[in-house]
Each structure stands twice: as structure tokens, then as C-alpha cells.
Amino acid sequence: AQSVTQPDIHITVSEGASLELRCNYSYGATPYLFWYVQSPGQGLQLLLKYFSGDTLVQGIKGFEAEFKRSQSSFNLRKPSVHWSDAAEYFCAVGLRSNQFYFGTGTSLTVIP
Amino acid sequence: DTGVSQDPRHKITKRGQNVTFRCDPISEHNRLYWYRQTLGQGPEFLTYFQNEAQLEKSRLLSDRFSAERPKGSFSTLEIQRTEQGDSAMYLCASSLRGLGKNIQYFGAGTRLSVL
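Protein sequences appear in the order of chains U and P. Those letters in the first sequence? Residues 1 to 112, by my numbering. Those letters in the second sequence? Residues 1 to 115, by my numbering.
Derived from the structure by calculation, the hints contain no laboratory data. Built from N, CA and C at the ideal position, the CB exists for glycine as well. Among the hints, erroneous ones may be present.
[To be verified] Only some residues are given here: those of chain P computed to face chain U with a beta carbon under 8 Å: (1) G16; (2) T38; (3) Y48; (4) A53; (5) E56; (6) F74; (7) I103; (8) F106; (9) A108.
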């Protein structure tokens, strides 16, 4: 069965520090991969996506993610975190069947 | 492009009542999706439409749930005889079919509280 694992439920970083959020997926083929961000009480905003090609993808707000086929991972990174980045982050796998499978999310706290 | 809009944003109801939510997708998006998100979890797929046809339904979509997209534009999700376990955020997303790349854009959701 398809699954998406975000092993870190909660992460706290200092403002200006670097960030890496982990995502692993289980699927027979290379799926489409996405990262979304959700602020409290809000819907999901697309940060970035991977379909094929270059394994390092750039997104909005200074985020990037790297697809590693050998590790079935799609980790999200940002070199310098801002206080406004505090939110819930979801990794998602999109299948040809159009279903999206989401991880359980990682909550990010940014401290001054 | 005004984004995906959902109405209402919040709904409080008593157990046993029926509720209906509306979703207006991004104009020209022919695919529309419904998800349910409970506290501390990621969204879970419920169902999706391509134009007016409902093409896929999750096992999560019990017979108390029904979704429609009568003219291929807006969609409604109805829950009959609500239960406390139905309390969740209901998210709608839309996408445009093309080139096999499915990018889903989400609305702000409808938060349902069943008392």
C-alpha cells in the first residue's frame, strides 16, 4: 500500500537557522511529490512539486526539496528560517490515479 | 483566478442533523477533490470529480456522505445524520487535467463541529 512518512512530528528551530524536514514514501514507481504548508485554520498552500527531471526543485518562500530515488525520500530544506515560516508542513504523493496521499505533517516552531 | 473557495468556513451542528458544504473551484479547473482532515493528521482523500462525473470514492466515504458536482463547476458535500466522529476540517481542491501532471490547489476548508 502507498504511504507517506514524516518521521518528525514537531521541530523547533531558531530564526536564521537552517531547516530540513524529512519525507519518505512507499510506492512502486516514482510518484509525483509535493510539499504543502498549512497555517492554523487555513487550507494548504503548495510550496513545491517534483514530477521528473532535475532532482533538486525550488519552491516559493525560499524552500527547496531534493528527490532521492534510492532512499525514497523528498526532504524539504530552507537555508535560513524566518519567524513567518512557523506552520504545519505536509509531504504528499500524487499517483496516476489522481489520489493524493499525505503524511501526518511536521509542525514547525521558530524561536527568536 | 480567485482560488478555491469554500462555504461555510465553520459549521456547528448537533448530532443527527444534516449538513451541506459548498466548494467553488478555480475557474476552468475540471477536476475537484474532497478531503477530510482530523486534528494532528494529514488530509485524507474522500472523493473526486472530473467535470460532473464522480470517478473515485474512498472507503472513508460512508453512505451518509454524498457529493455532487451537477454542472461540472461547484460541488457540494452533504453529510446526513451527523455523528461526533464527523467533526473535522473538510478540504476541497481543484486541478486542471493536462499533460498528466496533477497539481491540486486547496481551499481554506470548512471546519465542522458536531456536538
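Results for each hint:
no. : hint : verdict
1   : G16  : 26 Å, violated
2   : T38  : 10 Å, violated
3   : Y48  : 6 Å, holds
4   : A53  : 12 Å, violated
5   : E56  : 7 Å, holds
6   : F74  : 16 Å, violated
7   : I103 : 6 Å, holds
8   : F106 : 4 Å, holds
9   : A108 : 4 Å, holds
Hint check: violations occur at hints 1, 2, 4, 6; the rest are consistent with the structure.
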